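Here the protein sequences come in this chain order: A and B. Taking the working numbering, I'd label the letters of the first sequence as residues 1 to 563. Taking the working numbering, I'd label the letters of the second sequence as residues 564 to 1008.
Honestly, the hints are just simulated from the structure, not real lab data. Source: prediction; values computed, not measured. Among the clues, some could well be false.
Calculated cross-link-like contacts (lysine to any residue; reagent style SDA-like; alpha-carbon spacing at most 20 angstroms) [said to hold, decoys possible]:
#1 K643(B) to S421(A)
#2 K969(B) to S42(A)
#3 K643(B) to A831(B)
#4 K918(B) to H450(A)
#5 K911(B) to E983(B)
#6 K911(B) to F341(A)
#7 K969(B) to T30(A)
#8 K801(B) to R321(A)
#9 K711(B) to F134(A)
#10 K976(B) to T988(B)
#11 K723(B) to A928(B)
#12 K643(B) to S42(A)
#13 K801(B) to N145(A)
#14 K976(B) to L334(A)
#15 K957(B) to L890(B)
#16 K926(B) to P724(B)
#17 K969(B) to R235(A)
#18 K995(B) to K976(B)
#19 K930(B) to T914(B)
#20 K610(B) to D343(A)
#21 K662(B) to S238(A)
#22 K609(B) to S506(A)
#23 K620(B) to F346(A)
#24 K620(B) to S421(A)
#25 K609(B) to I140(A)
#26 K911(B) to A991(B)
#27 K711(B) to N145(A)
#28 K609(B) to F341(A)
#29 K930(B) to S948(B)
#30 K911(B) to S172(A)
Pair by pair, the computed Cβ-Cβ distance ranges are [stated by the list, open to error]:
#31 I129(A) to G929(B): 32 to 42 angstroms
#32 R774(B) to I328(A): 52 to 62 angstroms
#33 T333(A) to R666(B): 31 to 41 angstroms
#34 A719(B) to I328(A): 31 to 41 angstroms
#35 N641(B) to A29(A): 23 to 33 angstroms
#36 D40(A) to A640(B): 45 to 55 angstroms
#37 G135(A) to A866(B): 44 to 54 angstroms
#38 A640(B) to G41(A): 14 to 24 angstroms
For glycine and all other residues, C-beta sits at the position ideal for the given N, C-alpha and C.
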Amino acid sequence: MTPRFTFPQAALALAIALFLLVFLLVPVATVLYVAFTNSDGSLTLAHLRSFFQLTLMREALYNSLYVGGMSVLASSVLALPLAYFTARFRFRGALLIQTLGVLPLIMPPFVGAAAMQLLFGRSGSLNLILGDWFGLNLPIMEGLNAVIFVEALHYFPFILLNLTVALNNIDSAMEESAQNLGASGLRLFRRIVFPLALPGYMAGAALVFLKVFDDVATPLVLNVTDILAAQAYYRITSIGIDDPIGYVASVIMVVASMAALAGSTWVMRGKDYATLQRGGSALATRRLGPWQGLFAYGWIALVLLLVLSPHIGLVLLSFSRLWSFTVIPESYTLANYAAVFRDSPFMLWNSLVYCGIAAVLDVAIGTAIAYLMQRTRLPGRRLLDLVASGAVAVPGIVLGIGYLRTFRGFNLPFTELPFVSFWLIIAFAFTVRRLPYALRSCVAALQQVHISMEEAAENLGASNRRTIFRIVVPLMAGGMLAGFVTSFLTAAVEISATLMLVSATSDAPASYGIYLYMQSIVGRGPGAALGVITVLLVGLGTYASHRIMRARSLRFETLQALK
Amino acid sequence: MPNIKLPYLSHLACAALALAFTAPVSAQQQVVIVTSFPKELTGAYKKAFEAKYPGIKAEILNKPTPAGVAYIREAPANNKPDVFWVSAPDAFQVLATEKLLARIETPAKEVPNKIGNYPINDPNGYYLGQALAGYGIMWNTRYLAANKLPAPKEWADLAKPVYFGHVAISSPSRSGTTHLTVETILQGEGWEKGWRQMLMIAGNCAAITERSFGVPDGVNSGQYGIGLVIDFFGLAAKSSGFPTEFVYPSVTAIVPANIGLVAGAKNAENAKKFIDYTLSPEGQQLLFDPQISRLPVLPSVYAKAPAGFPNPFTGKIKPKVNFDSELSESRYYVVSSLFDQTITFRHKELTQAAKAIDAATAKLAGKSNPEAAKLLAEARDYAYSPVVSADKAKDKEFLALYRNTKRDAEKTKRITALEEHWGNTARANYAKAVDLANRAAALAK
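Using the sequences and the hints given, assemble the complete structure.
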């Protein structure tokens, strides 16, 4: 057996640990220690006890868990068929699904929910039509169910992306063997395909749960306050009271998220999902029969119509001069786009740079942690995973305040400029906040790579380094790309930490610009226009990366065939 | 096999990094303004100020008020922002208490001391009133027409059953101006009667929004019919072409939106120039812009106001309430917390009670059934009485609990126990009200 770990591995682990310590643990601790101390600095658990004595908080915790769980269920219903169609059938819709399917992620939650209000709200297009025809008004956008509805439409791409990658990674040989042994149809899916894709599904489901559990913007736009994230936010942002309960709520959220993660690892424990054969073709794709085609396209059209409805609302809003209590805007204009191109094109560039840096760092760190966790027996490797993943539950405002507090004494090297006013701090905040997404994808991707592949390479004389870069990374590429895309997309719409950290308008990313516009009466149009441009740009980026991936895998297959 | 995607992006990132490090640090003069005001207002001031002082760049940092307070508090000492410019007086109070504001020595002499009974400038000199605003009622004319609703005039109108499910308001803990409205109603009507009215209005609300801007936004798009809003939201929406109207009810208070100088400001001289500019006749006139629509604090500039612009100094808007700002401040957190615990967080239960009471009232209308009438009156008392009595609200010891800003175990325990008690009592009361109202309705058959 190989030694427990090598020196470079330990150095890598230390470097990551240092990064997490400086940019996650310390800043968060400087804020959250309030939950466990009195004003005089003495430690206490009394705030925690007080927290659990509040009926409202217990209800909120229960509601958060309920909304998280139901959102996973609803997201799965949306994502499973789409992922299955793309992996299983040869048809033109696949790329469409891949690209359009991730668009919901690029919608800033507060904008998405607002656009949904325009379509599905009490006086939204749908209810205005229903009211005219049938005298009906459907309360789609009310209460916890509305949160589940919006969140599922928003975050199901986490499952779609990770599951698609996992399905594509299944070797057709597995399927063929099963078929030779007489399995087919549902049995084949249930016993072979689904279990083999389980790591990808679990990675996506865990992300949906965590994200929904910690999301504060959507419930607040829907005026739902009886869930934990909203309660924490209400208390932390109350002016002037040093109220520890809000911070206790944040701590509870971090703990619950880590428990959920640990739970999902526990479900997967002791199971081996790696398959040996790689480089052959992926799952056999079939042509659709006419009825199957009808059903597949019908379902895809329905789901896409639903998930793209916020975008449809946003596009309408961005071209509207006036939209009030009518099914569609009554007059249209291009002035909103003109305003955006006049005032804020630099924000789009800022977003691309920050999110690019964040996503690259996330994938690098995520791959490293996944490798350390699954391929070495380095002490503390699971801790790295847990800490990095715990970031998902840290409210953005807590991280923002933590950065300001931790780094306020530091200047940039060789300058008088304080580090907290330097734009890179925003990129680091994005990196930390979106790391859990990339990490889940990378972990799932590596779970599907069998260690024999690396052993074989090493037996053939490849160095450890060469094995990683020539064997492991290429085999994980799909998952890494999925991680890059989720991290990049979701960083593009980060707002809560951004609001704390922007210290000059010229450094602001597009999400800040959208927020700014949306705060004023006449700003909704330009805000929507900036939103549409952001969605288009980031969507194009996603499409391009899929094309590159596809081109590459085609070339890879051709090479194989030539040999 | 080359990994195609990643190297490109990392090159890009490295290039960007290198650029950022080598970029010359701009030596231009500037003034950094932290504000929660919309782009139209800040943009107009930035443009006009930079035109007047060509060497100074006005850097606007837009943050929600609580984030703005935190930003000033946590900013490094060598790089404090310069000006804080928001509505909520409580945010300035907090900053002043923490010694994060500098006194401004020379307020414009032309500005009157008080509007009604409310001091325009901070008596301690830490912040100045920069514009005035009154609270009022805004509605969407199309929404009202489609639902066949009459236009409201007074707060009391909003408590009528006809408006059930059509109103929206923000919460005092989220919006300083909403707090002032609630406090205005409480002072105008008295504690018990004021809360009764507030609870009836809230019972009619379709939503208690998280942001104060959520109310005008919802009314503009027709999501809500009627909203309790600060005047400039109502005036600016109308002048932007939305089918909305706005009125000041007779029980209203005119209060200032404020501007202050941050202690240890990096560009203190420029900050003073900016503050002076916003209070100069030239700066005050910018407020007349239809997209801004705020009321200047300088009485003289109203001569140049557009036709129909409200002037609070002529007595055309008649604030009946002599607003007592000390009383308001003394019970600030009690009012906010009571509102959230019994209204915001129990809104579903409250609206159910209101609905049951309205239904029973409609059934009993024109019928004489003393027993049912008594049950209904009881239901109303349960649903619409504040869980804190007027006497308790005056109790010094009780208020002191909330004024103690120290964080310790005992205080947390007592405050959470109170919240628990308020929330549970409110919920039980609302449930009882539903039950009583249903029994009253059953008797009416």
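Comparing the hints with the structure gives:
no.: 1; hint: K643(B) to S421(A); verdict: 10 angstroms, holds
no.: 2; hint: K969(B) to S42(A); verdict: 13 angstroms, holds
no.: 3; hint: K643(B) to A831(B); verdict: 10 angstroms, holds
no.: 4; hint: K918(B) to H450(A); verdict: 62 angstroms, violated
no.: 5; hint: K911(B) to E983(B); verdict: 17 angstroms, holds
no.: 6; hint: K911(B) to F341(A); verdict: 43 angstroms, violated
no.: 7; hint: K969(B) to T30(A); verdict: 18 angstroms, holds
no.: 8; hint: K801(B) to R321(A); verdict: 14 angstroms, holds
no.: 9; hint: K711(B) to F134(A); verdict: 17 angstroms, holds
no.: 10; hint: K976(B) to T988(B); verdict: 18 angstroms, holds
no.: 11; hint: K723(B) to A928(B); verdict: 14 angstroms, holds
no.: 12; hint: K643(B) to S42(A); verdict: 30 angstroms, violated
no.: 13; hint: K801(B) to N145(A); verdict: 34 angstroms, violated
no.: 14; hint: K976(B) to L334(A); verdict: 56 angstroms, violated
no.: 15; hint: K957(B) to L890(B); verdict: 9 angstroms, holds
no.: 16; hint: K926(B) to P724(B); verdict: 13 angstroms, holds
no.: 17; hint: K969(B) to R235(A); verdict: 16 angstroms, holds
no.: 18; hint: K995(B) to K976(B); verdict: 28 angstroms, violated
no.: 19; hint: K930(B) to T914(B); verdict: 25 angstroms, violated
no.: 20; hint: K610(B) to D343(A); verdict: 13 angstroms, holds
no.: 21; hint: K662(B) to S238(A); verdict: 19 angstroms, holds
no.: 22; hint: K609(B) to S506(A); verdict: 14 angstroms, holds
no.: 23; hint: K620(B) to F346(A); verdict: 18 angstroms, holds
no.: 24; hint: K620(B) to S421(A); verdict: 17 angstroms, holds
no.: 25; hint: K609(B) to I140(A); verdict: 42 angstroms, violated
no.: 26; hint: K911(B) to A991(B); verdict: 13 angstroms, holds
no.: 27; hint: K711(B) to N145(A); verdict: 30 angstroms, violated
no.: 28; hint: K609(B) to F341(A); verdict: 19 angstroms, holds
no.: 29; hint: K930(B) to S948(B); verdict: 26 angstroms, violated
no.: 30; hint: K911(B) to S172(A); verdict: 54 angstroms, violated
no.: 31; hint: I129(A) to G929(B): 32 to 42 angstroms; verdict: 37 angstroms, holds
no.: 32; hint: R774(B) to I328(A): 52 to 62 angstroms; verdict: 26 angstroms, violated
no.: 33; hint: T333(A) to R666(B): 31 to 41 angstroms; verdict: 47 angstroms, violated
no.: 34; hint: A719(B) to I328(A): 31 to 41 angstroms; verdict: 37 angstroms, holds
no.: 35; hint: N641(B) to A29(A): 23 to 33 angstroms; verdict: 24 angstroms, holds
no.: 36; hint: D40(A) to A640(B): 45 to 55 angstroms; verdict: 24 angstroms, violated
no.: 37; hint: G135(A) to A866(B): 44 to 54 angstroms; verdict: 53 angstroms, holds
no.: 38; hint: A640(B) to G41(A): 14 to 24 angstroms; verdict: 22 angstroms, holds
Checked against the numbered hints given earlier, this structure breaks hints 4, 6, 12, 13, 14, 18, 19, 25, 27, 29, 30, 32, 33, 36; the rest are met.
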